[in-house]
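Residue numbers (numbering that gives the first Met the number 0), protein chains in the order written: chain C, 0 to 126; chain U, 0 to 375.
Calculated from the structure, these hints are not laboratory results.
Accuracy of the hints is not assured; some may be wrong.
A few chain U residues that don't get close to chain C, going by computed Cβ distances all over 12 Å [as the list claims (entries may be wrong)]:
#, residue
1, Ser78
2, Asp140
3, Leu273
4, Lys320
If you want a taste of the chain C side facing chain U, the calculated C-beta under 8 Å gives, among others [unchecked claim]:
#, residue
5, Pro44
6, Asp67
7, Tyr69
Just so you know, even glycine gets a beta-carbon here, dropped at the ideal spot from N, CA and C.
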Amino acid sequence: MSNIPSDLKFAKSHEWVRVSGDTAAIGITDHAQSELTDVVFVELPEVGRKVKAGEACAVVESVKTASDIYSPVSGEIVALNQPVADNPALVNTEPYAGGWFFKIKLSHPAELNALLSPEDYKKQIGG
Amino acid sequence: MLKRTALFSAHQKLGAKLIDFGGWEMPVQYTSITDEHLAVRNAAGIFDISHMGEVTVSGAGAESFLNFILTNDIRKLASGEGQYTLMCNERGGVIDDLYAYKLSAEVYLLIINASRTAADVPWLKSQWEKFPQRNEVNLTDASHNYSALAVQGPLVKNFINEAISGASISAMRVQCVTDLKKNQIGGFHFEHGCILVSRTGYTGEDGFEIVGEDAAIQHAWNKILEIGKPFGIKPCGLGARDTLRTEVCYPLYGHELDEETTPMEAGLGFFVALEKGEFNGRSMLAEQKANGVKKKCVAFKMTDKSAPPRPHYPIFGNDEKIGEVTSGTQSPSLNLGIGMGFVPPESAKPDTKIEIEIRGKRFAAAVVKKPIYQKS
Numbered sequence: 000m001s002n003i004p005s006d007l008k009f010a011k012s013h014e015w016v017r018v019s020g021d022t023a024a025i026g027i028t029d030h031a032q033s034e035l036t037d038v039v040f041v042e043l044p045e046v047g048r049k050v051k052a053g054e055a056c057a058v059v060e061s062v063k064t065a066s067d068i069y070s071p072v073s074g075e076i077v078a079l080n081q082p083v084a085d086n087p088a089l090v091n092t093e094p095y096a097g098g099w100f101f102k103i104k105l106s107h108p109a110e111l112n113a114l115l116s117p118e119d120y121k122k123q124i125g126g
Numbered sequence: 000m001l002k003r004t005a006l007f008s009a010h011q012k013l014g015a016k017l018i019d020f021g022g023w024e025m026p027v028q029y030t031s032i033t034d035e036h037l038a039v040r041n042a043a044g045i046f047d048i049s050h051m052g053e054v055t056v057s058g059a060g061a062e063s064f065l066n067f068i069l070t071n072d073i074r075k076l077a078s079g080e081g082q083y084t085l086m087c088n089e090r091g092g093v094i095d096d097l098y099a100y101k102l103s104a105e106v107y108l109l110i111i112n113a114s115r116t117a118a119d120v121p122w123l124k125s126q127w128e129k130f131p132q133r134n135e136v137n138l139t140d141a142s143h144n145y146s147a148l149a150v151q152g153p154l155v156k157n158f159i160n161e162a163i164s165g166a167s168i169s170a171m172r173v174q175c176v177t178d179l180k181k182n183q184i185g186g187f188h189f190e191h192g193c194i195l196v197s198r199t200g201y202t203g204e205d206g207f208e209i210v211g212e213d214a215a216i217q218h219a220w221n222k223i224l225e226i227g228k229p230f231g232i233k234p235c236g237l238g239a240r241d242t243l244r245t246e247v248c249y250p251l252y253g254h255e256l257d258e259e260t261t262p263m264e265a266g267l268g269f270f271v272a273l274e275k276g277e278f279n280g281r282s283m284l285a286e287q288k289a290n291g292v293k294k295k296c297v298a299f300k301m302t303d304k305s306a307p308p309r310p311h312y313p314i315f316g317n318d319e320k321i322g323e324v325t326s327g328t329q330s331p332s333l334n335l336g337i338g339m340g341f342v343p344p345e346s347a348k349p350d351t352k353i354e355i356e357i358r359g360k361r362f363a364a365a366v367v368k369k370p371i372y373q374k375s
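Just chain C, with the same shape it has in the complex (with noise of 0.2 Å):
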C-alpha cells in the first residue's frame, strides 16, 4: 500500500509539493519510486532557473529507463538537494524526506489549488 503523506499536494505526474511559506519543495512519490524501482541517477535543474507548471526540469533514471520530473508549479528555482544526487537510492528509501530533489519560490501560488488532494492522489494511482 502505497505512502501518501497528508501535508502534501500532488501533480498528476506523481510527483509531490510540500508548502513552506512563499517556496515549496519537490519530489516524486512513494508510488512513482516503486514503480521504478534501482533509481541510479538524478539530474537537477540549475538554482536560478525559471520553470512553468508542468515544464519538465529534471530527470530520474532507473537501470532501465529515464524519467522526466515535471515541475508541478511555476516560480524559480532556488535550492537543490545535493545529497540526492550524491546518493540517488535516497529516492527509494526517503521518497518524500531525504529524496527530495529541489525547492522552488513560487510566482503563482494559485497554482496550488489545481493540484490533487492526497485523496484525489490516492484515487488516481487506485487506492
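For this one, chain C is given, so just place chain U on it according to the hints.
This is chain U only, laid out in the frame that chain C set:
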C-alpha cells in the same frame, strides 16, 4: 495479443512486472533489477527463457548442412557438446547468433533468439531447399514443443544435483548434473518427462540451461526455487538478464548484431571457422579478416559521473560523432555506466578516450577491454 510461456502464472504469483519482449509477455523484474543481478553474481538466479526458439536438425546430411549455414565448425562437436555460433547471410551479415548442440551422431539442436525465431525458421527452410542433400536432412521448428529456464550463479553447483538427480541418460553421459563441463549437454530423467541440461548461460556465471516440455519445466522451476532457497536463489527477469550480459559484453541481437553487421565487426571472429571450407558469408568474412573492418564493437566505461549510457546515444571522438551506443546501463556490480558500441577501428584500442552524448551534453568515457566485468 502477446504470447505467454508455460511459466506465466508463476510470474504472476511472484508479482513480476511484465513487459512485451519480441511479442512475448515476459517478466522484466520481480523485485529490483539490482537485487536480481547481484543475486546471480553472488548466489543464484533463475530465468524463464521459454520464449527462445528450438530447431532440430537430423539425418545423415545434418552435419554438412549445419556446417554450411553456420560460421563455427560443427565437426568439432562430440555427442553431448555444444558451441556458440552464428548464422550469416551471403554478405556475412548476421541473421542470428545461437547455440548448436550435437545430441547424438545425426541429431542436432539449435537454440535461437526469441526475437529472431520468425526470421530464422524461414531462412533455415530456404537454405534447406537449396541444399543438394536435403533429402538426408530433417529440419523441424520445435519451438512450440519446448519450454526452457536458466539457473545461474556461483552457488548453483551446490544444489542443482538435488533438484535434478541421477545420471544422464543421453547425449553427454555423466553421473550427475555438475559433472557436465562447460558447453556439455545431457538428457536426464525428470518428473513429467526428460529434460536436456547444458552447462551454458548468458550471465558470465557458472550455471545451466534446461530445455524440456512445458510440464517438466514448470516442475523444474518450482523445484529449483525450493531447493535453492537456503542458498539465496531469486527469480530474475529480463532487466537483470540484460545488465548481466552487458557487464560481460555478450552481444544481443538487434543491438550488437544485425543483418548489416558481420561477426568480425562484432568482435566474434573466434567463432568463425574460415578454414573449414565453404559456408554462407565466407568470402566477406575472409576479406574482413585479411583487410580489416570499417567498424568495430568496443566496450566502454564512463569516466565522468553521469547518467547511464543507453542504446542509440551518440559516441564522440575528437569532437566528432564516430558511432553509437548499442547497449548501455548502470552496472550494478561496478556502480558506474558501462556499454558497448561501434566505432571506427582507429578509435577501438583500449584506453582510447571517447565521449557519450546524454541528453545533449557530452560525458567522458574510455574504451576498455572485454569483458567489462570479470570475477576476481
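Comparing the hints with the structure gives:
Interface exclusion of U:Ser78 from chain C stands, the closest Cβ pair being 41 Å apart, more than 12 Å. Consistency note on U:Asp140: stated as away from chain C, and its beta-carbon is indeed over 12 Å from all of that chain's, at 31 Å minimum. Every C-beta of chain C lies more than 12 Å from that of U:Leu273, the closest at about 39 Å, which supports listing it as non-interface. With a least beta-carbon separation of about 20 Å from chain C, U:Lys320 lies farther than 12 Å from that chain, consistent with its non-interface assignment.
For C:Pro44, the shortest C-beta to C-beta distance to chain U is roughly 12 Å, which exceeds 8 Å, and the interface hint is violated. Taking 8 Å as the C-beta contact cut-off toward chain U, the hint placing C:Asp67 at the interface is violated, the least distance being around 10 Å. Because the beta carbon of C:Tyr69 sits about 15 Å from the nearest beta carbon in chain U, more than 8 Å, this interface hint is broken.
Hints 5, 6 and 7 from the list above are not met by this structure, while the remaining hints are.
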